[in-house]
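J.: Following the hints, position chain B against chain A.
Taken in sequence, the protein lines are chains A and B.
Just so we're aligned, residue 1 is where the first sequence starts under the numbering used here, counting upward by one.
Just so we're aligned, residue 1 is where the second sequence starts under the numbering used here, counting upward by one.
Bear in mind the hints are in silico, worked out from the structure with no lab data behind them.
Only a predicted model underlies this, so the values are computations on that prediction, with no experimental measurement involved.
Any given hint could turn out to be false.
Because identical chains share one entry, a pair is satisfied inside a single copy or across any pair of copies.
[To be verified] Only pairs whose alpha carbons sit at most 25 Å apart, straight line, appear in this in silico SDA-like list of lysine to any residue:
1) LYS139 <-> PHE112
2) LYS181 <-> SER57
3) LYS139 <-> GLU89
4) LYS67 <-> TYR224
5) LYS338 <-> GLY38
6) LYS139 <-> LYS316
7) LYS67 <-> GLN225
8) LYS231 <-> GLU310
9) LYS139 <-> PHE64
10) LYS204 <-> ILE68
Number of protein chains: 2
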Amino acid sequence: MKLRIAQIGPLWEDIPPPRYGGTERIVHYLTEGLVDKGHDVTLFAAGSAHTKARLVSVYPRSLFRDKIPWWNVMYPLLHITKAFEMEKEFDIIHVHLNQGSDFMTLPLCQAFKKKVVFTMHFPYEFNYTWAGNTEVFQKYKDLQYVSISNSQRKGGENLNWLKTVYNGVDTNLYHLNLKPKDYFLWLGKFNPDKGTEEAVMAAKKAGVKLIVAGAVDKLEGEDYQYYLDTKPYIDGASIQLIGEVSDQEKNVLYGNAIGFLNPIKWNEPFGLVMAEAMATGTPVISFRNGAAPEIIEDGKSGFIVDSIDEMVEKMKIISTIDRAACRNRIESHFSTQKMVDGYESVYNQII
Amino acid sequence: MKLRIAQIGPLWEDIPPPRYGGTERIVHYLTEGLVDKGHDVTLFAAGSAHTKARLVSVYPRSLFRDKIPWWNVMYPLLHITKAFEMEKEFDIIHVHLNQGSDFMTLPLCQAFKKKVVFTMHFPYEFNYTWAGNTEVFQKYKDLQYVSISNSQRKGGENLNWLKTVYNGVDTNLYHLNLKPKDYFLWLGKFNPDKGTEEAVMAAKKAGVKLIVAGAVDKLEGEDYQYYLDTKPYIDGASIQLIGEVSDQEKNVLYGNAIGFLNPIKWNEPFGLVMAEAMATGTPVISFRNGAAPEIIEDGKSGFIVDSIDEMVEKMKIISTIDRAACRNRIESHFSTQKMVDGYESVYNQII
Chain A
1 MKLRIAQIGP
11 LWEDIPPPRY
21 GGTERIVHYL
31 TEGLVDKGHD
41 VTLFAAGSAH
51 TKARLVSVYP
61 RSLFRDKIPW
71 WNVMYPLLHI
81 TKAFEMEKEF
91 DIIHVHLNQG
101 SDFMTLPLCQ
111 AFKKKVVFTM
121 HFPYEFNYTW
131 AGNTEVFQKY
141 KDLQYVSISN
151 SQRKGGENLN
161 WLKTVYNGVD
171 TNLYHLNLKP
181 KDYFLWLGKF
191 NPDKGTEEAV
201 MAAKKAGVKL
211 IVAGAVDKLE
221 GEDYQYYLDT
231 KPYIDGASIQ
241 LIGEVSDQEK
251 NVLYGNAIGF
261 LNPIKWNEPF
271 GLVMAEAMAT
281 GTPVISFRNG
291 AAPEIIEDGK
301 SGFIVDSIDE
311 MVEKMKIIST
321 IDRAACRNRI
331 ESHFSTQKMV
341 DGYESVYNQI
351 I
Chain B
1 MKLRIAQIGP
11 LWEDIPPPRY
21 GGTERIVHYL
31 TEGLVDKGHD
41 VTLFAAGSAH
51 TKARLVSVYP
61 RSLFRDKIPW
71 WNVMYPLLHI
81 TKAFEMEKEF
91 DIIHVHLNQG
101 SDFMTLPLCQ
111 AFKKKVVFTM
121 HFPYEFNYTW
131 AGNTEVFQKY
141 KDLQYVSISN
151 SQRKGGENLN
161 WLKTVYNGVD
171 TNLYHLNLKP
181 KDYFLWLGKF
191 NPDKGTEEAV
201 MAAKKAGVKL
211 IVAGAVDKLE
221 GEDYQYYLDT
231 KPYIDGASIQ
241 LIGEVSDQEK
251 NVLYGNAIGF
261 LNPIKWNEPF
271 GLVMAEAMAT
281 GTPVISFRNG
291 AAPEIIEDGK
301 SGFIVDSIDE
311 MVEKMKIIST
321 IDRAACRNRI
331 ESHFSTQKMV
341 DGYESVYNQI
351 I
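In isolation and in its complexed conformation, chain A is listed as follows:
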């Protein structure tokens, strides 16, 4: 059945994002995938978005690029109310919860809540600068939520979860490489939670090459300090630093790695880098946090570890993992196509 679907994406970064921007990337693939399936889709996003759907914008560019601080509530308010005022035009309104201001959608959708689906793009227990967010969710626990992993629900199991729909990787963008080179890879934003320093320590202990491909957000003071603290360990010989890379470069970088190191120290609700690496056949060794144990089958498509020393041990036996199995796992469970199908079934469930 053809559905009239509204996607309410973040205003802060372009959709699709030129480089970094996990939520924007997911909204992009979902929107385009639903159009391809014949649905009548409207994307609410900044005017700089590129989409085959109808685009409705309250602001011409992504807010981030106009240096509007991320705590601004004014444009999010105009964005959300614009979409909700048009609610009669839609069978489904899909809200992507990503910033504090997005929580305004919870009280504002009450009059038509049966057609609203919320995807949470952060862990339920996420009190970083959001003190009180779990109280807000408890107040609105009867709204309809989708998790992007089962682990994400921790602490908020009593919410009205409709389903877990895993984030998806574009399997056309990443190609299986059965003949990697000799290095391990870490890729992400410099941030203590992402474990850049732990990856470097593991590589030094194991005596292997590591490429650190990192974006540095100079506006985030803590991130920038972490970058400055970590940089001295990166000797330029066995441990090499390269900057942010494009999707095409990532495909090559992932594919040529013998293993991907993911010593995350937070409960990352999904972890797109793991799935991207695996899509090129590269097995992932991850700390046992967040969704890692759901994405990686321990011993089959990578390893789940609890310490740097254990990571080092698994690095030594990384070649025992079948790279084709890694690729297969993504194709069968974590592709954009699977994700679009998953959301479509959620929509059909509530219509």
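T.: Below, chain B without anything else, positioned relative to chain A:
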């Protein structure tokens, strides 16, 4: 007629505030004044508020004291929705717009908007960190607004303004002093917009004593830098610095001043310090910004000037101002009693 009135105050500082906190002070006087007049009043505020009204709280202490950042939307959301869910219990819901998150009230009150009154506690044109706020107001221009001065409306004259209700000073707290000492006074938060440095310059040029009574917000980087920049000019002899003072100390400090200097560089929507000084009989010399020309009758209860040099000239003839006239102006136009009467008439107008 006895009305059932909800006052929705800020959650950030105690009501009443121990020291600084203009909006909290006004909400306090209004709430207590309405109770004294026999109305059935409910105050929505942090649990640490002191009031004769019924108190409803979603959080036990003021957020500021628990170091919750001012851009947090979670507790404001719980606070606002709690009040609005009880809307049937009230004839009037009075919302005090003070922080970015307060703008959520505009879309959220649509179903019962005829009983909602908004007081704006900042200038309509206030784009400091609130890019987009005027677009939000234009979208909701038909809601019912009260201004705290006529000058505050600048740029937003097309909003549905019901009335100007000036902020009020507690005339029992401040006493007329007809025999001041020999110093001029500046009092406020250190901030470039408040013109601490200009007050110091004027006093140096005029060759008079100045007391600078200032609070420094170390969390606000710009304010703290301004304090550090200004401090060297304060020589401790003719220009003296004292810290933040209590209400009782303020009464003495204002009353003993021969004049109050207010070289503000922003369109302050009211300017409570001017009214407080005048309540002790102390005339004010203010830059021609914000509500200054509405509070001060130029030449009768102080002077309106356009430059530091003009301020210096008027400082020389400050004794030509009748101190009793200053006090009278506050009693007749800017007392808490007048303010409570003003809001009561607004409520009766829309009921």
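J.: Would you mind marking each hint as holding or not holding in the structure?
T.: Here's how the hints hold up against the structure:
Proximity of LYS139 and PHE112 under a CA criterion of 25 Å is satisfied in both settings, with 17 Å inside one chain copy and 21 Å between copies. Proximity of LYS181 to SER57 under the C-alpha cut-off of 25 Å is found in neither arrangement, the shortest distances being 45 Å within a copy and 61 Å between copies. In this assembly of identical chains, the alpha carbons of LYS139 and GLU89 lie at most 25 Å apart only when taken from different copies (21 Å versus 28 Å within one copy). Taking the closest pair of Cα atoms, LYS67 and TYR224 come within 25 Å of each other both inside a single copy (18 Å) and across two copies (23 Å).
For the homomeric pair LYS338 and GLY38, the shortest alpha-carbon distance inside one copy (16 Å) is at most 25 Å, but the shortest distance between copies (64 Å) is not. For a Cα distance limit of 25 Å, the shortest separation of LYS139 from LYS316 qualifies neither inside one copy, at 49 Å, nor across copies, at 62 Å. In this homomeric assembly, LYS67 and GLN225 come within 25 Å of each other (Cα to Cα) both inside a single copy, at 21 Å, and across copies, at 22 Å. Taking identical chains as interchangeable, the C-alpha atoms of LYS231 and GLU310 lie at most 25 Å apart only when both belong to the same chain, with a minimum of 24 Å there against 57 Å between chains.
In the homo-oligomer, the alpha carbons of LYS139 and PHE64 lie at most 25 Å apart only across protomers (23 Å), although the nearest pairing inside one protomer, at 30 Å, exceeds that limit. Proximity of LYS204 and ILE68 under a CA criterion of 25 Å is satisfied in neither setting, with 41 Å inside one chain copy and 40 Å between copies.
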